[in-house]
Structure formats: structure tokens, C-alpha cells
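Visitor: What follows is the residue order along each chain.
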Amino acid sequence: MDTPTLKKKLGLKERYAAMTRGLGWETTYQPMDKVFPYDRYEGIKIHDWDKWVDPFRLTMDAYWKYQGEKEKKLYAVIDAFTQNNAFLGVTDARYINALKLFLQGVTPLEYLAHRGFAHVGRHFTGEGARVACQMQSIDELRHYQTETHALSTYNKFFNGLHHSNHWFDRVWYLSVPKSFFEDAYSSGPFEFLTAVSFSFEYVLTNLLFVPFMSGAAYNGDMSTVTFGFSAQSDESRHMTLGIECIKFMLEQDPGNVPIVQGWIDKWFWRGYRLLTLVAMMMDYMQPKRVMSWREAWEMYAEQNGGALFKDLARYGIREPKGWKDACEGKDHISHQAWATFYSFNAAAPFHTWMPQDDEMAWLSAKYPESFDTLYRPRFEYWREQADKGNRFYVKTLPMLCQTCQVPMLFTEPGDATKIGARESTYLGNKFHFCSDHCKGIFDHEPQKYVQAWLPVHQIYQGNCFKPGVDPTAEGFDPLAAVLDYYEVEPGRDAMDFEGSEDQKNFAAWRGQATRN
Amino acid sequence: MSNVFIAFQANEESRPIVEAILADNPDAVAVESPGMVKIDAPGQLTIRRQTIEELTGARFDLQQLHVTLITLSGHIDEDDDQFTLSWKH
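Going down the list, the protein sequences come from chains A and B. Our numbering numbers the first residue of the first sequence as 49 and each following residue consecutively. Our numbering numbers the first residue of the second sequence as 64 and each following residue consecutively.
These are computed hints drawn from the structure, not numbers from a lab. Take these hints with a grain of salt, some might be off.
[Stated by the list, open to error] Pair by pair, the computed Cβ-Cβ distance ranges are:
(1) B/Pro105 x A/Thr473: 26 to 36 Å
(2) A/Tyr363 x B/Asp140: 40 to 50 Å
(3) B/Asp90 x A/Tyr363: 22 to 32 Å
(4) B/Val92 x A/Pro538: 49 to 59 Å
(5) A/Gly437 x B/Pro105: 55 to 65 Å
(6) B/Gln145 x A/Gly547: 20 to 30 Å
(7) B/Leu118 x A/Tyr363: 33 to 43 Å
(8) A/Gln506 x B/Leu118: 51 to 61 Å
(9) A/Glu493 x B/Arg78: 44 to 54 Å
(10) B/Glu95 x A/Phe440: 15 to 25 Å
[Claimed, not checked] Listed below are the simulated DSS-like cross-link pairs for lysine-lysine, each with C-alpha atoms no more than 27 Å apart in a straight line:
(11) B/Lys151 x A/Lys487
(12) A/Lys466 x A/Lys372
(13) A/Lys369 x A/Lys487
(14) A/Lys61 x B/Lys151
(15) A/Lys93 x A/Lys358
(16) A/Lys358 x B/Lys151
(17) A/Lys496 x A/Lys369
(18) A/Lys57 x A/Lys113
(19) A/Lys378 x A/Lys514
(20) A/Lys99 x A/Lys358
(21) A/Lys99 x B/Lys151
(22) A/Lys93 x B/Lys151
(23) A/Lys466 x A/Lys487
(24) A/Lys372 x A/Lys487
(25) A/Lys93 x A/Lys82
Virtual Cβ for every residue (Gly too), placed ideally from N, Cα, C.
I would like the entire structure built from these sequences, with the hints used as guidance.
Guide: Here's what the structure looks like:
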């Protein structure tokens with residue numbers, strides 16, 4: 049009798065080929081260019097889509113299996129955290145403001161990334177790229193959901209977490225992340241991948257999800273560290289997609305090189321500006337600090353990004369245009385951003401504060417070349433004034449950069465005492481920028497950036513008041529009307545941490561948790 | 064030669080992976096931060112399935128790395144027996 053022999057299982061490489069190749073076909077009822085209208089018009093030339101390989105060789109079946117495992121682990125932690133009121137174990141209630149900013153500014157980006165990848169996953173003609181984009185689209189939706197779920201426990205107890213989708217479309221500083229993503233997903237599919245997968249995910253995302261999440265662990269926030277690392281494990285796949293996409297474009301046709309370099313220049317700078325928020329979260333909003341923004345920048349951008357651009361040099365790719373200015377900014381941007389939010393905190397739905405003495409000492413040690421000379425004197429003065437009951441709030445509106453939409457708070461390269469400002473004229477109108485690089489991005493595609501929805505302009509044009517509000521009425525308070533339109537309650541959601549409801553509640557509840 | 068790196072959540076599932084990496088890559092250095100461990104290595108780093116299996120006595124599929132992986136850098140070369148990060152081509 050014959051012994052039945054088991055067919056040998058396919059190896060990883062064969063399995064990947066079997067599950068990603070031959071899934072597409074040439075259309076016959078309609079011309080290919082009509083079915084896939086976007087994958088050529090950017091000028092990127094692809095000769096052989098089969099050269100696209102996902103280095104992880106992850107197939108859909110393995111994807112579901114491992115994602116399922118990650119979810120089970122994550123939700124077990126979230127459940128335990130919620131069930132045991134573990135939010136009472138975070139360092140202090142100031143920390144929760146970093147989570148508010150995360151939920152307001154980062155989580156909605158996950159949803160936009162989900163839509164963006166679903167779109168490009170539909171529009172590439174190569175199957176390998178389509179499969180990878182579809183997985184990423186599902187990942188991004190997962191991140192939106194897990195972040196919302198993980199942070200919902202805080203929303204039961206603290207202000208400023210209840211209305212983030214509404215705020216994302218309206219509040220001034222949230223137009224920074226929003227416009228970043230709208231810029232990316234209104235471009236073509238190859239530019240989108242260069243923007244999000246390469247420049248943002250590969251070069252910059254470690255700065256958000258690694259030291260910041262490790263910081264969450266350090267501050268006793270088990271729920272956030274777990275969703276952060278769980279999301280970042282997907283990011284490693286996304287980063288791999290990003291570098292694969294870049295290599296693929298560069299290897300397919302020499303004519304692609306200048307186009308890709310232009311996108312790298314643009315999107316590195318766009319991403320860097322966006323990460324200003326993260327710099328501030330790391331240096332000012334985590335009471336216990338793992339590493340400074342400067343150290344994280346050196347580890348993940350300068351060393352790791354440096355290695356990457358050294359590697360890409362063989363294709364004729366150089367480091368992004370704004371690289372040197374970004375490296376210089378590591379000593380400044382977190383302090384400049386925190387000063388700005390502290391000043392405009394009457395209109396921002398999270399709390400700010402001036403650093404305590406030990407925190408000032410930490411900042412001095414981490415920023416020996418900038419903190420004591422440029423920022424400490426200002427912060428000490430503000431703290432002194434606040435102690436005397438003169439906590440000030442700026443009630444006018446800042447000028448915004450037309451490209452990155454960040455208020456014009458950054459200083460000139462080489463002179464950190466002078467605010468940077470640039471101008472361009474287009475169709476008879478004058479436009480303002482924070483830097484050479486934001487101006488360069490505008491000048492390359494002015495017809496796109498003149499359409500920017502700039503919150504400050506919109507407020508001055510009267511588009512950010514509730515229906516029926518009369519700005520000509522006597523005693524009209526524009527800030528109050530804008531906050532009403534935002535649905536931000538000034539004393540609860542915004543303004544200084546000192547004296548806030550969050551501060552009082554946390555102190556009372558923590559007291560109850562340790563005494564009878 | 065530039066460094067490559069890989070980072071994992073610090074837990075019981077990643078422990079044998081980290082131990083295997085340190086055993087197989089003498090130049091690799093592990094740096095612990097709250098909640099995570101990051102391993103840097105000059106030029107190249109290899110994870111071998113067999114080493115992990117010898118440590119745990121259980122079968123291991125290298126794609127299980129995804130469950131505790133946080134981040135990495137370098138080009139990936141993966142098959143059923145090994146997972147290598149390097150800046151080589």
C-alpha cells in the first residue's frame with residue numbers, strides 16, 4: 049500500500065508570490081487608463097510592476113492572524129486599565145493634556161490615512177502595491193479605533209476629550225495636521241506614498257510612536273503605551289512599504305529620480321513642521337521624561353535618517369533640502385511652540401502651565417545651548433506674573449504660514465532671536481510663510497496652496513461664528529463667539545492647568561484612592 | 064557602516080527573540096527604555112528561527128515577530144529560517 053506523502057508547505061517567498069501575483073488583469077470593456085486614471089499622470093514611469101516586493105512578504109491570511117493576536121492583547125490591557133481605574137496611577141493630571149492633543153490632532157489623521165490608502169490601493173495597477181496599501185488602509189482604521197477606545201476611559205473623567213472630531217474641522221491649531229493630510233491625499237498616488245509612507249512614516253514617525261510612547265509607560269499610562277506600540281508594530285510594515293516604494297520608483301526609471309527628490313524635499317519639511325506638536329508634548333507635557341526632543345531627533349532623524357539618505361545616494365538622491373534647518377531647530381521648536389500655546393491657551397481645548405523648578409533644570413541640562421539664554425528668562429517671568437495673579441492670555445490672532453498653517457512662531461536659521469518670515473505674490477495677492485522651505489513648497493504649486501483654509505483668515509472673514517451671531521453688535525466679543533462656534537468651554541476645556549477642574553478632580557480622586 | 068536597529072515591546076514573548084539576537088549577533092547592543100528594548104547593530108543584524116526555538120523549546124514562525132515588534136531600520140531580507148536587517152544590497 050502506498051503511504052500518502054504530504055505535499056510540502058509553500059515557503060514564505062512562494063506563498064507571497066502565490067498570494068499577490070496574477071490577481072490583476074488587463075481590462076477589455078474599458079481602456080486601462082480610464083479604469084486607473086491616476087497612476088501615470090504624475091510622470092512616474094513603471095516598466096515592471098512585478099519588481100515590487102513587500103520585504104515582509106506578508107500575505108492576507110498571515111495579516112489577519114497576527115493582527116487578531118495584537119488586538120486581543122491590546123484589548124485585554126485596555127480592559128484591565130479601565131476596570132481598575134488605572135488612570136489614577138499616572139504621574140499627575142498635567143500628563144493627560146498630552147493625550148488630549150494626541151486625540152485631537154493625531155487620531156483623526158489615522159482615519160484620513162485609512163481613506164488615503166484605500167484610495168491608492170484602488171488606483172495602482174500593480175498588485176503587490178495594491179495588497180500592501182489595502183492592508184495599511186485597514187491598519188489605519190484599526191489605529192483610529194484603538195486610540196479612541198484606549199483614551200475613552202480618560203474622557204469619562206477629564207475635560208477636553210469629548211469633542212475631537214468637531215474640533216479637528218474647526219480649531220486653529222488642528223488645521224496644521226488636517227491640512228497636512230489633505231495636501232497628501234489630494235495629490236497623486238505615488239506622491240501620497242512618498243508623503244505618508246516614506247517621509248512621514250519612515251523618516252519621522254518613530255519620533256512620535258517610540259520615545260513618546262515609552263514616555264507614556266514612564267508616566268504610568270499603560271493603556272496609551274500599549275496602543276502606541278501596537279500601532280507602531282503596524283508602522284514598521286508601513287515604513288517598509290515606504291522605503292520599498294521609493295526604491296521601486298528609483299529603480300524603474302532614471303526619469304523618476306528628480307520627481308521623487310522634489311517630493312522628498314517637500315514632504316520631509318511638511319512632516320517636520322507637523323511634528324512640532326510632538327516636540328512640545330515630549331519636552332513639556334510628560335511630567336516624567338524619557339528623552340528630550342533633541343535626543344530623539346538625534347537618534348531617530350539624524351542617525352537613522354542619515355543612514356537612510358547615505359544609502360539612497362547611490363540612486364542620486366540627496367538628503368531633503370530642509371534637513372540642516374530641521375537639525376538646527378532641534379534646540380528651539382519645542383520651547384517656541386510651548387510658549388505659543390501658553391499664550392493662546394484661552395482658545396485651545398487643553399491646559400498649559402509653566403515648568404516647575406525641577407523641570408526647568410531638566411530643560412537646562414538637555415538644551416545647554418538654548419534654554420537658559422533664550423527661553424528660561426521668558427518662562428520665569430511668565431511664572432512670576434502668574435503667581436501674582438497676572439496670568440495673561442493673548443486675545444488677538446496670530447499670522448499663519450500659508451503652507452504649514454503653523455502660527456509664525458519659528459525663528460530664522462542662524463538667529464533664534466528673530467522670527468522667520470517670507471512672502472510670495474501670486475495673482476496680485478501677498479502670501480506669508482514661516483521659512484524658505486514652506487515658501488518653496490507654495491511657489492512650486494501656488495494654485496493648490498492659495499486654497500488653504502486658514503483658521504485666522506476664516507475668523508476675520510466672519511466664517512467661524514454660529515449662525516445668527518452679529519459681529520457688529522455693541523460689546524461683541526470675537527473670542528467668545530469663536531469659542532462658542534468651536535464648542536469649547538473656556539474655563540473647563542481651555543486655559544491654565546492651575547485652578548482647572550481637571551487639577552482639582554484628579555487631586556480629590558487620587559486622595560480617595562489612597563485614604564479611607 | 065551605519066547602524067541598523069530593531070525594537071520590541073519588553074515582555075515575555077519578546078524575551079527569547081531578544082536573547083537570540085544577542086547570541087547570534089555579537090556586535091549587537093540592547094538598550095532598555097520604559098516598556099521597550101531597542102537593539103542596535105553596526106551594518107547588519109540577523110534573527111534565526113532555530114536559535115529562538117532552542118531557547119524556548121517550542122516552534123516559532125518568524126512572522127510572529129510582528130506581535131511584539133515596535134520599529135526597525137535597514138533593508139529587510141526574510142525567509143522561513145532567518146530575518147536580516149542590513150544596509151547591504
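Visitor: For a quick check of understanding: which of the numbered hints are violated here, in increasing order?
Guide: 1, 2, 6, 10, 11, 19
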